[in-house]
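Let the hints inform the model, and build the full structure from the sequences given.
So the protein sequences, as listed, match chains A and B.
Here our numbering is used: the first residue of the first sequence is 14, the next is one more, and so on.
Here our numbering is used: the first residue of the second sequence is 36, the next is one more, and so on.
Bear in mind the hints are in silico, worked out from the structure with no lab data behind them.
Model, not experiment: these values are computed from the prediction.
Incorrect hints may appear among the rest.
Rough simulated footprint, nothing fancy, chain A against chain B, three-plus residues with beta-carbon under 8 Å [stated by the list, open to error]:
{"hint": "1", "region": "83 to 90"}
{"hint": "2", "region": "210 to 220"}
{"hint": "3", "region": "332 to 342"}
{"hint": "4", "region": "353 to 361"}
For every residue, glycine included, the Cβ atom is placed at its ideal position computed from N, Cα and C.
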Amino acid sequence: MVASDWGGRIGLVLLTLVVLLAIVGPAFEPHSPVESIGIPGSGPTSGAPLGLDYLGRDVLSRLLAGGRSTLLLGLAATALTYLVGITVGLMAGYARSLLDPVLMRGVDVLLSFPALLVMLLLVTAFGGGRLVLVCAAALVLFPGVGRLVRTATLEVSTKSYVEAAVARGERTAAILRREILPNITGPIIADVGIRFSWSIILIASVNYLGLGLRPPTADWGLMISENRQIISTNPLALLAPAIVIAVLIIAVNLVGDAYVRQHERSGS
Amino acid sequence: MAVLPETSSPAVAEITTVEPVRGSNHPVAMFLARRIATGILTLLVVSILIFIATNILPGNVAVVVLGRAANATTIHHLDVELGLDHSAVSRYLTWLGGAVHGNFGHSAVAEAEGRSNSAISATLGTPVRNSLLLAGITTILLIPLTLLLGTIAGIHAGRKLDHLISIPALIMGGLPEFVTGTVLIYIFFTKLNLLPPVDLLSGGESPLSDPKAIVLPVLTLLAVATGAGIRQVRTGMAETLQRDYVQVARLNGVAERRVLTRYALRNALAPSVQIIAQNMQYLAGGIIIVESVFAYPGIGTYLVNAVTSRDVIEVQAAAMILATLYIVINIAADLIVLFLVPKLRTGAA
Chain A
14 MVASDWGGRI GLVLLTLVVL LAIVGPAFEP HSPVESIGIP GSGPTSGAPL
64 GLDYLGRDVL SRLLAGGRST LLLGLAATAL TYLVGITVGL MAGYARSLLD
114 PVLMRGVDVL LSFPALLVML LLVTAFGGGR LVLVCAAALV LFPGVGRLVR
164 TATLEVSTKS YVEAAVARGE RTAAILRREI LPNITGPIIA DVGIRFSWSI
214 ILIASVNYLG LGLRPPTADW GLMISENRQI ISTNPLALLA PAIVIAVLII
264 AVNLVGDAYV RQHERSGS
Chain B
36 MAVLPETSSP AVAEITTVEP VRGSNHPVAM FLARRIATGI LTLLVVSILI
86 FIATNILPGN VAVVVLGRAA NATTIHHLDV ELGLDHSAVS RYLTWLGGAV
136 HGNFGHSAVA EAEGRSNSAI SATLGTPVRN SLLLAGITTI LLIPLTLLLG
186 TIAGIHAGRK LDHLISIPAL IMGGLPEFVT GTVLIYIFFT KLNLLPPVDL
236 LSGGESPLSD PKAIVLPVLT LLAVATGAGI RQVRTGMAET LQRDYVQVAR
286 LNGVAERRVL TRYALRNALA PSVQIIAQNM QYLAGGIIIV ESVFAYPGIG
336 TYLVNAVTSR DVIEVQAAAM ILATLYIVIN IAADLIVLFL VPKLRTGAA
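Shown next as structure tokens:
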């Protein structure tokens with residue numbers, strides 16, 4: 014398990030903390046996350062331990078309210094990334110036809126855009142709604158998964174158990190699902206962590222730029238940019254969301270790394 | 036955001052698997068020609084995608100940029116001014132034809148406001164120069180820093196010095212740029228009052244006239260890019276030091292210093308070239324958000340402003356420039372790798 018080394022253990026603890034914060038946080042909001050309760054940009058008080066934001070709203074309440082969307086959007090984008098990536102990779106890797114080069118050139122073209130540029134183009138075209146953010150992040154990230162799955166599929170599909178299944182006359186869909194997919198999960202799972210943290214970062218970046226979720230939504234990325242003007246009066250309004258995002262990303266990376274280390278050790 | 040380009044390019048795989056072209060005495064020239072041809076083809080596809088993405092909602096441009104001034108007459112007038120009354124295909128061809136000559140058409144917002152100098156090309160020069168300056172300075176610092184710190188960490192793998200370098204690298208490399216940037220602004224502006232939080236350059240002023248303005252953007256890009264690079268260089272170095280030929284050299288009594296420089300370093304650095312290439316490519320995307328964090332007047336800020344004001348014609352121009360930069364860096368990186376790793380050049384891998 015990932016908990017068997019220090020990096021993994023620290024990662025798991027931090028990840029659990031942030032996930033708890035995001036899930037049960039909204040139940041503990043001391044104030045409304047969207048209502049002004051005092052002078053904008055004022056520092057911490059006993060009633061508002063993280064101070065007030067640029068509109069006089071409680072920073073702690075907004076921090077507690079903003080985690081759910083960050084995690085859920087990231088999870089949705091990661092799930093979609095793998096759904097599309099695995100489908101494309103399996104099809105390209107198993108089809109010994111024109112389908113393979115066509116899919117892979119498509120993947121190459123997508124990889125020749127900077128990630129954030131793709132996000133911004135889609136936001137320009139379709140606006141910054143939740144669905145657009147999730148689809149855009151998946152569009153940026155699925156090519157990597159597709160390539161990975163294709164390579165693994167190519168390797169596995171020459172194995173005798175696959176040839177046996179072909180000889181038995183099984184349908185292609187059944188072969189892909191029952192023979193190939195279970196045997197390529199190792200390399201696929203190895204970087205789920207990285208892709209999850211990338212989805213969070215990509216979506217948070219668009220929100221930070223003010224092109225994603227609209228105010229007054231409480232979102233960690235958006236909180237950092239909307240409070241820029243009060244950095245000298247209440248820096249906590251920016252630092253608190255920045256730190257939670259940082260901890261979340263570091264935790265996900267630590268757990269991912271620990272999993273890979275563990276996998277390598279048991280594999281060799 | 037350390038979203039580095041995935042396996043930066045197919046170049047290495049291509050070269051090692053492709054048989055040397057028979058009858059050709061210039062495999063490198065052949066490779067270069069093919070690489071540039073694919074690059075141009077990719078750019079063509081990229082330009083179509085950018086055009087589609089920015090034209091997917093038809094007629095929307097004039098309505099959006101005119102805002103409250105929109106009525107049948109003004110919309111029609113602006114459509115004619117911007118050529119929006121033509122078919123999508125003909126608009127694409129006109130745009131592409133212009134873009135090849137560096138003419139990206141007229142800003143929709145400027146046209147709507149009736150400004151006389153609405154040509155985009157005239158306003159693009161300064162942002163592009165500023166961005167190249169930012170990326171250039173970062174690259175110059177990035178390469179030695181990544182190699183040096185990565186090598187040191189690799190040599191001391193598993194020991195104190197390694198942890199001292201690797202742990203901060205792990206943290207920095209994973210963080211989004213806007214988090215790193217915000218923390219740097221907090222430290223250097225709010226706490227120390229040393230550096231300006233945002234670039235306050237006026238109009239056409241070059242960032243060189245106020246070097247302070249460029250320090251924090253460069254630091255942010257460096258933190259993210261070196262963070263990701265150091266880990267990879269470290270792994271390469273640590274693995275090379277475990278190789279048989281290094282062990283044999285040590286057992287033969289070759290001085291440790293010589294083992295490192297003659298045996299390990301050279302072999303370890305070959306894959307590092309690719310890592311650096313990846314990092315340079317990262318910069319083409321990373322500047323978008325870093326410039327916005329610091330309001331640095333480059334092409335990234337230009338793009339974000341264009342998206343915000345829904346000026347699709349400016350978005351097209353900025354997106355095309357950034358995508359071109361990305362592809363050019365990719366080709367240049369492949370060439371550098373090719374020249375530094377002779378194994379690939381001769382095809383005798």
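| Are there at least three residues in the region 332 to 342 of chain B whose beta carbon sits under 8 Å from a beta carbon of chain A? | holds (count 3)
Worksheet item: Taking a Cβ-Cβ distance under 8 Å as contact, does the region 83 to 90 of chain B have three or more residues in contact with chain A?
Response: holds (count 4)
key: Claimed coverage, the region 353 to 361 of chain B by chain A - three or more beta carbons nearer than 8 Å   = Since 4 is at least three, the answer is holds.
*Coverage criterion applied to the region 210 to 220 of chain B (partner chain A; beta-carbon cut 8 Å; 3 residues)*: holds (count 8)
Going down the numbered hints, you'll see the structure goes against none, and every one checks out.
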